[in-house]
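Residue numbers (this note's numbering), protein chains in the order written: chain A, 12 to 127; chain B, 206 to 314.
Heads up, a few of these hints could be off.
[Stated by the list, open to error] Subject to a maximum C-alpha distance of 30 Å in a straight line, what follows is the list of computed BS3-like cross-link-like pairs (lysine-lysine):
(1) B:281 to A:33
(2) B:301 to A:33
(3) A:51 to B:301
No wet-lab data here; the hints were simulated from the structure.
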Amino acid sequence: ETGVTQTPRHLVMGMTNKKSLKCEQHLGHNAMYWYKQSAKKPLELMFVYSLEERVENNSVPSRFSPECPNSSHLFLHLHTLQPEDSALYLCASSQDLGRGAGDTQYFGPGTRLTVL
Amino acid sequence: GQNIDQPTEMTATEGAIVQINCTYQTSGFNGLFWYQQHAGEAPTFLSYNVLDGLEEKGRFSSFLSRSKGYSYLLLKELQMKDSASYLCAVREHDYKLSFGAGTTVTVRA
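Just chain A, same shape as in the assembly (with noise of 0.2 Å):
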């Protein structure tokens, strides 16, 4: 347990569904992030939050949309997705974006996302 959840676990959508992940934080971090993780490859970052506003986006397509409501919590909303967005997508927190030891990102366990 990292203290960090994710819901849910699993989601199976179509091209034309909407859905949204949620992710949730109890270790009182002011950072939160959202990656991608696709088989084989390395975790891509897509967007970063620092005290609910957002730092970093990192040329993610616009079928994403990230949501920041307030520290602990962070959406990603979905919509319109291909067959290739499917991966599992990572929620990770830190205390703040800062380059120290203290600043390590922690993960919760993921969405496995699957676009029929």
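Starting from the known structure of chain A, arrange chain B on it as the hints suggest.
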């Protein structure tokens, strides 16, 4: 861009030692992280190195040589539960982590 290389797979016997190497070529360096990820679970933080040398934490140790762009994770007294993917990640100038593709370690009885 960043280049983080680590072997794809390794197999070892229970009770043995395995060393997972990671080499990196980045424009800056502000720390190297190792994570363990069991199938279907969260990557969990194992170690952090920012200065050259060896950091030991129980059965796991991590080594860093900044001049060589090289790190390794050493797993001693392997147990079946150590079967997992091990991720090497480098933090460059700011908060961003660049990850390797991961090394899948299989421990056999």
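To see whether the hints hold, each was checked on the structure:
1. At roughly 37 Å between alpha-carbon atoms, residue 281 of chain B and residue 33 of chain A are farther apart than 30 Å, so this suggested pair is violated.
2. Among the hinted pairs, residue 301 of chain B with residue 33 of chain A is consistent with the structure: their alpha-carbon atoms are about 22 Å apart, no more than 30 Å.
3. Simply put, residue 51 of chain A and residue 301 of chain B have alpha-carbon atoms about 20 Å apart, close enough for the 30 Å limit, and the pair holds.
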